[in-house]
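Undergrad: Given chain D, work out where chain G with the ligands should sit, using these hints.
Residue-level listing of the chains:
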Amino acid sequence: MPHREVLAEPGTRVVMLGNVAIARGALEAGVAYASGYPGTPSSEILEALSEASKKLGGPHVEWSINEKVALESAYGASLSGVPAMATMKHVGVNVAADPLFSLAYTGTPSAMVVVSADDPGMWSSQNEQDNRWYGVHAYIPVVEPSGVQSAREAVIEAFNISRRHGHPIILRTTTRTSHTRGIVEVGQINVEAVRGKGKFRRNIERYTLVPSHARRLRIELLDRWERIEEELSRSSLNSVEGDGELLILGVGLGYRYAREAARLLGVEARIAKLQTPVPLPRTFIHKALEGIDRVLVLEEGDPVVEQMLKAFLHDEGVRVEVHGREDGYIQRWGELGLDNVVEALSKLTGVEAGLPKPPRVEASLPPRPPALCPGCPYRGVYPGLRRAVRSSRVEVVYSGDIGCYSLGVLPPFRVQDTIVEMGGSIGLANGMARVAEGQVPIAVIGDSTFFHSGITGLINAVHNRNPMLVIILDNRTTAMTGHQPHPGVPVDARGGEAPQVDIEALVRAIGVEHVETVDAFTIRGVERAVRRAMDYVRREGKPAVLIARGSCILVALSQARRLGVGYPVYRVNPDKCMACTVCYTAFNCPAIFSLEDGKAKINPVLCTGCGVCVEVCPFNAFEPVEEPSEEWILLMRTATPG
Amino acid sequence: MDRNIVIAGVGGQGIITTAKILAEAALIEGRNVLVAETHGLSQRGGSVVVHVRVGDVEAPLIPPGMGDLLIGLEAIEAARYASLLAPGASVVMNEDLQPPPLPRVKAPSLGDVLGSLKAAGLRVYSVNAVEEALKLGDARSANTLLLGYTAGLGLLEGVARPGGLEEAIARVIRRSRTAVEAYRRGLELASVH
Ligand SMILES: Cc1ncc(C[n+]2csc(CCOP(=O)(O)OP(=O)(O)O)c2C)c(N)n1
Ligand code: SF4
Chain D
1 MPHREVLAEP GTRVVMLGNV AIARGALEAG VAYASGYPGT PSSEILEALS EASKKLGGPH
61 VEWSINEKVA LESAYGASLS GVPAMATMKH VGVNVAADPL FSLAYTGTPS AMVVVSADDP
121 GMWSSQNEQD NRWYGVHAYI PVVEPSGVQS AREAVIEAFN ISRRHGHPII LRTTTRTSHT
181 RGIVEVGQIN VEAVRGKGKF RRNIERYTLV PSHARRLRIE LLDRWERIEE ELSRSSLNSV
241 EGDGELLILG VGLGYRYARE AARLLGVEAR IAKLQTPVPL PRTFIHKALE GIDRVLVLEE
301 GDPVVEQMLK AFLHDEGVRV EVHGREDGYI QRWGELGLDN VVEALSKLTG VEAGLPKPPR
361 VEASLPPRPP ALCPGCPYRG VYPGLRRAVR SSRVEVVYSG DIGCYSLGVL PPFRVQDTIV
421 EMGGSIGLAN GMARVAEGQV PIAVIGDSTF FHSGITGLIN AVHNRNPMLV IILDNRTTAM
481 TGHQPHPGVP VDARGGEAPQ VDIEALVRAI GVEHVETVDA FTIRGVERAV RRAMDYVRRE
541 GKPAVLIARG SCILVALSQA RRLGVGYPVY RVNPDKCMAC TVCYTAFNCP AIFSLEDGKA
601 KINPVLCTGC GVCVEVCPFN AFEPVEEPSE EWILLMRTAT PG
Chain G
1 MDRNIVIAGV GGQGIITTAK ILAEAALIEG RNVLVAETHG LSQRGGSVVV HVRVGDVEAP
61 LIPPGMGDLL IGLEAIEAAR YASLLAPGAS VVMNEDLQPP PLPRVKAPSL GDVLGSLKAA
121 GLRVYSVNAV EEALKLGDAR SANTLLLGYT AGLGLLEGVA RPGGLEEAIA RVIRRSRTAV
181 EAYRRGLELA SVH
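Residue numbers (the numbering used here), protein chains in the order written: chain D, 1 to 642; chain G, 1 to 193.
The set of hints was computed from the structure by calculation and includes no laboratory data.
Every residue gets a Cβ at the ideal spot worked out from N, C-alpha and C, and that includes glycine.
No false leads were mixed into what you were given.
Think about it this way: if two alpha-carbon atoms lie no more than 30 Å apart in a straight line, the pair counts; the simulated DSBU-like pairs of lysine-lysine are:
id: 1; chain 1: G; residue 1: K106; chain 2: D; residue 2: K357
id: 2; chain 1: D; residue 1: K287; chain 2: D; residue 2: K310
id: 3; chain 1: D; residue 1: K54; chain 2: D; residue 2: K199
id: 4; chain 1: D; residue 1: K576; chain 2: G; residue 2: K106
id: 5; chain 1: G; residue 1: K135; chain 2: D; residue 2: K601
Covered stretches of chain D (chain G as the covering partner; in silico rule of three or more C-beta atoms under 8 Å from a C-beta of chain G):
id: 6; region: 250–261
id: 7; region: 332–339
id: 8; region: 355–361
id: 9; region: 369–375
id: 10; region: 403–414
id: 11; region: 586–593
Extracted from the complex, chain D is given alone in its bound form (with noise of 0.2 Å):
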């Protein structure tokens, strides 16, 4: 996606996506390095900085094998002079937790904004961690937006603050933030800077952390968190507005719900906007609470600001009433919304909240869970894996991980028996090769997944002889986050050529010694080489890799359409269907429906011509209405994002 509209004219007001508008604040504060690991809901970012680099020459602008990575780059960049940008999703931060702890202690000489995008309610992730934490954790300052219309401002400032003191920022967005579009006034491009390069100036104190310099470093941390807080305090990102003698206390997003909320309901209250609640300003906090006997604190994610909030009257002695995530009246998890935020507030005021009662439609809907979109590579790799694992009479266990290829864990594929985290595929089959008896496991990867966090895992395996097949399902881009490249294709991030790191090769350096490729779009194919890569397992004890490559289908018609290559269409000949649900229930193809005979019928906008049917039905009832071009069957196995 190629969001223009991050190149707005100064002075003018366009619609926007919140990560677009972080993108743009950081363009005008200069940022001259940005890189990132894509996770839902932070990837625009990069892509919009990407856009514009290409316009303008600037930023720099990569696209990391993970977020570990990422944060180390941009942190060198950083120590080389210039403002640097590292992007990522709230899990990221796990990943890239190392060096961030390191960066608070050197600091930087120039700024330094780490951008988490956290993911209240789950929508793309595993877990609903809230990494406010880690600033309090790692002593870096926390900046969150209120929202899509103070994104731009809030990343301005986020690097002010941090060029001021030396010192990094954690900009924390939230989906609701990231994910929702609005109207933003632009102001200038900072052109020269984004463009402009640094020096490294050697500071060997500063920026060796042996124990003798960390110890210093400690205690001047300390002294900039103290000093950083004060200033805080008397922050543009944080404001009071209204009175009364309750106080919605809205951090980040909060604020907005407290101030639409308030109205709905027709409450007096006093409302502060806090876009920096770590560390808590408490001066600020302070003025705010005067003559105030209750507070509701609205914030996304866990009660951070409560908590600390809660500490600090303790210690000034100070006796008020604080409700919000700690007591229930904002339920624990999830996210807010006005529903939530009108009924806690109606509790707290007693003024009814009279929202209108919504219809009751009396119809059995069945659920929609996502699914492999029609075309996938993966739809003719996972029936080939169960047909082989079901014939070799091995127990298995599908160590899955995380990408389109969960889909996988849903019916009727089945083949992801635990998703924990990237990478954790062949992390746990380790452990699991040696004591889960009578038992081989298969873990199933991504390409982009492999690169992130496999390849540590599987060079472990050749070492420590750790049996188990690992299956690399090479679609030739990360396609779960919005098809960006990774190091296994020859693009980068500005869709530039780049040299492209051959996986094959890659494998059978670290030393493993059964690895074979296969193409995804055929089913037997795949039951062949996975049969023989178990036999290898079983025979030889050690591990096996089998790469599937079939490109994403997305990607493919995307370059089809770019290229004026059509893609065919297939349909059922009714005389040769014989109802037997297979392509429906078995093969699940979401362009293949039952009419009411149960006959198969394929929805010609739904189809995206990979001609895998045609293997399924066993009696040959799937033709395409016009003939695959060789083009389009090459592209079907190459096409790259770019």
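TA: Relative to the frame of chain D, chain G with the ligands by itself:
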């Protein structure tokens, strides 16, 4: 007047594009707008809902009971998010029902869904947007056709004017000829309604 519009459908149907067009059109109209989108996992053929709020609004999500219009690109998903609507609100639906690709799951019929929405006291309008868009050469234009149909019914008053919507389509969609044609066809079909 504030307007709260729910757009629902199946990932891949152009739901976010539809919302982007509405947001641009609101900007052209000089109105404030917020669009809360669903990205990531559910875009893979899952249930997708987008909240469009126009006017003096600050929070991104429409609370249950306050939506005044639902644009449904798919019937089951339209019904699923009807709980966001106010009593008596309007539903404009594409006559398309896609059974979820789950083995052995029984899906209701299009007639069932339309009937239950009406029985819940909602004002329901429907058009076969996919079929009409296919006549113009591209099924992917079903979304702008449905927008045209909605505008033609007068349900986008206070959000955008027909001319503004056309300009918005051209701004949002790169090769927009068919999309604009579909939009106009939608307007026309609504006037016959
Ligand atoms: C530490 C971490 N970073 C990022 C993500 C977000 N994320 C989920 S899946 C995925 C990429 C998957 O790419 P790939 O392995 O190629 O599988 P595909 O989606 O292409 O099938 C990413 C980056 C995450 N869940 N955890
Ligand atoms: S986006 Fe690509 S990889 Fe993901 S489910 Fe669809 S076809 Fe498969």
